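Asker: Letter by letter, the chains look like this.
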Amino acid sequence: MLQTRVIPVLLLRKKGLVKTIKFNQSKYIGDPINAVKLFNDKEVDELVFLDIDASKEGRKPDFEYIKSIASECFMPLGYGGGITSMDDINKLFALGVEKVIINSRALVDLNLVTEASNIYGNQSIVVAVDVQKNLFGKYKIFSHSKIDHNQGDLLDYLKSAQNAGAGEIFINSVDHDGMMKGYDLNLIEKLSKELTVPMVICGGAGELIHLKEAVSKGASGVAAGSLFIYHGPHNAVLINYPQYKKLKQLFK
Amino acid sequence: MITIIDYGMGNLGSIQNMIKKVGGQSIITSDSEIISKADKVLLPGVGSFDRAMSNLNELNLVNVIKQKASSGTPFLGICLGMQLLADRSEEGTSNGLGIIPGEVKKFVIKKKEMKIPHMGWNLVRYKPSSKLFANFEIFDEVKFYFVHSYHFVAKFDSDILTTTSYDLDFTSGVNNGNVYGLQFHPEKSHKYGMQLIKNFTELL
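For the protein sequence lines, the chains are A and B, in the order given.
Following numbering that gives the first Met the number 0, the numbering of the first sequence begins with 0 at its first residue and continues without gaps.
Following numbering that gives the first Met the number 0, the numbering of the second sequence begins with 0 at its first residue and continues without gaps.
Treat the hints with caution; some may be incorrect.
List time: in silico SDA-like cross-link candidates among lysine to any residue, alpha-carbon distance up to 20 Å [unchecked claim]: (1) A:K66 / B:G7; (2) B:K190 / B:F135; (3) B:K110 / A:E188; (4) A:K247 / B:L122; (5) A:K247 / B:G7; (6) B:K190 / A:Y240; (7) A:K55 / A:T19.
If you are wondering where the hints come from, they were derived from the structure by calculation, not from laboratory data.
These numbers come from a predicted model, not from an experiment.
Here chain B stands alone, though its shape is the one from the complex (with noise of 0.2 Å):
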């Protein structure tokens, strides 16, 4: 059963669809005695750094969820809450959750074709040996759906999951233990998110 966290930062129906799609289970919730029991985590986000900082405080979650991602609970944070992994972000004046060391900056583009935000479908390299991953190599190339304007930079290369190349070459996703961050969107990427999605159900 994963329990996804709803804080109010949108866009939770699809990831709910998808897990049940690859057989699944979850439940929404912003209860902070039901996230401290699950035995996974989903935490997901779209919107702004400060106001997802300022809604998890109100709803007083910060705690429980730095106590599940230290506890080794499989858990994964998509796009903002990826970001949130992180100790401060440029996007805004909160502190992140500060569970993988690292900040958040904006894409600095030089290319003029390419612009702000980074939204699309893109190439991302993986650590093979990561279980999130699992049964990838079935694919020629892997692609994720991204929709982003700030950047993950881990202040550990350890925790480098995933690069992605976009002018530069940026983290695309990190890990820690059990705790996994992803910029991009499974829940958007059809056949590629679906394997993704079904290893994170399949991690203990």
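Here chain A stands alone, though its shape is the one from the complex (with noise of 0.2 Å):
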């Protein structure tokens, strides 16, 4: 039995499935619904979408495409973009999302955060949070949205965070993100330690290794953007997701 969840994590722009390096050179992949299809059979247990470009343009969810993958999706789907309110919270839930994911949002306001989880149980609700090195090697909190929203400390604002409601942390390594050597190690240990809720770490896996080493550095989940869309050393696009007994061997 696995406790580590393996998460894919496929990023939407417009109605097409893109990958990024460093946040950054957006290749298109493929239709998103399509990959839901793959995944389902291969009994993936769980799986991330998040709206790159929502919360930069300031638009809402796409709640019809996000109902037309929700209905695709035999298991649990977390989606992140563009959140900005209890009425576009209601609707995902409604439409089949079991995780909202709020990210540029909290940075302003965590009583979105509050109010949906007083509602739906904390459970259900994410905050996710886009971490980059300074200069001076010091985590920052990046914002999406490209205005300096929030310049304090990241661990003050992720216990903020959890205090507020959050009941998982997802965090992206803007550094690590598309490069495929591994997870930032470092950042994983320094929040886990200080965290008392699941963080989910993303950015960085190339390899099943990587994995287990993120999971030993204290992450309760394991997400992944390009191990499970690339295969081979040119990194052709093919939907890709170990087998189950091979998971467990590697968490063993």
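Grab the two chains, each in its own frame, and use the hints to assemble them into the complex.
Answerer: Written out as structure tokens, the structure reads:
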């Protein structure tokens, strides 16, 4: 039995699937619905979709499209991107999303997190934060919407998100995104010691051993894009996911 | 035909899709007339206990649900829909539906590395004689997806259908007659969920 969640993270741009490197160089991968169907057959633990443009463009989630994605998901589905109100959250749960992932909005106002977790329970409310090292090697909060909302301390912010009602913290490492050279293990170790809710780490996984490293540093769940999208030395697009027994062996 | 009760507590699309996928039919409704005529009832639910009970009260669904459950109609509560079957919950102050005697308690976890909510896949031990778990012997291990902070404590051991370990052993499924309650989410547990939902569609 796997206690560790292994989560493919799929990035939405318009109605297409893309993959980035360090949050840039977005490359078109394919049709999201088709990807879900492929992941269904592979008995994936959990799937996360992030609309990477919604907050930047100041628009709402594409509810109709998320609904068509959710209809195909026979695994837990998390969605993030453009969530700014209880109305958005109500709609997402009603259309078949298990977890809502709040990033930009939480940086300016954690009340939404509190309100949502009071109604839906904190297990369904995830606060995501994108983390980037600054010139001095200090971990800083990176804002998607390019506005410097929150210059505060990362750990203080995450603790306040936790206190506000976040049932899970999702960490995306900007510097490691798409590099496939392993997770930021120092970051995982630093944060997991201080947080009491489950923490999922994303950014940098290129091999299965990277997942194991992250777990050994305290991650409750491991998420990845490239690892489950690319295959082979030339990074051909091929939706893939380790066999269950392989994962079981890995975390033994 | 499975009648899925809509009382504004989320997450109805995926369960409807899984029923369709296994060849069953369903409708989503909050109409007590329709529910009273249902040949199978499914009570889903994600959210907080008091809010759920207050929604059921506002929609005047409490009585019809109790009637259906006591009349022998196959009845399945999922997640919060299972917890509502109890008499009460530590999560709130409202009375539960009182269909399966017991109460819902918050997890008390001693191990520091184990966090609340209990979220993720976990193993489920089931009563092999249960019709809801027919054909499950083909699986090497039986696991389902969980997301919850509270768990059902049944008053009578005979009502325990499944158990799961999360630091402590807790009741992850209850059953009394044709009333079933599952703490986990079959609609999000791919092949295991599909087999279970298929079994539910075949209950008489």
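Asker: Holds or violated: are the alpha carbons of A:K66 and B:G7 at most 20 Å from each other?
Answerer: The hint holds at about 17 Å.
Asker: Check the hint pairing A:K247 with B:L122 against an upper bound of 20 Å on the C-alpha distance.
Answerer: Holds, because 13 Å separates the two Cα atoms, which is no more than 20 Å.
Asker: Measure nothing beyond the straight line between the CA atoms of B:K110 and A:E188; if it is 20 Å or shorter, mark the hint as holding.
Answerer: holds, 19 Å
Asker: Could you grab the alpha-carbon distance between B:K190 and B:F135 and see if it respects the 20 Å cut-off?
Answerer: holds, 10 Å
Asker: Please work out if A:K247 and B:G7 have their alpha carbons no farther apart than 20 Å.
Answerer: violated, 38 Å
Asker: Decide if the proposed pair is consistent with the structure: A:K55 and A:T19, CA atoms, cutoff 20 Å inclusive.
Answerer: holds, 16 Å
Asker: Is B:K190 close enough to A:Y240, meaning Cα to Cα at most 20 Å?
Answerer: holds, 16 Å
In summary, the structure is inconsistent with hint 5 from the numbered list given earlier, while agreeing with all the others.
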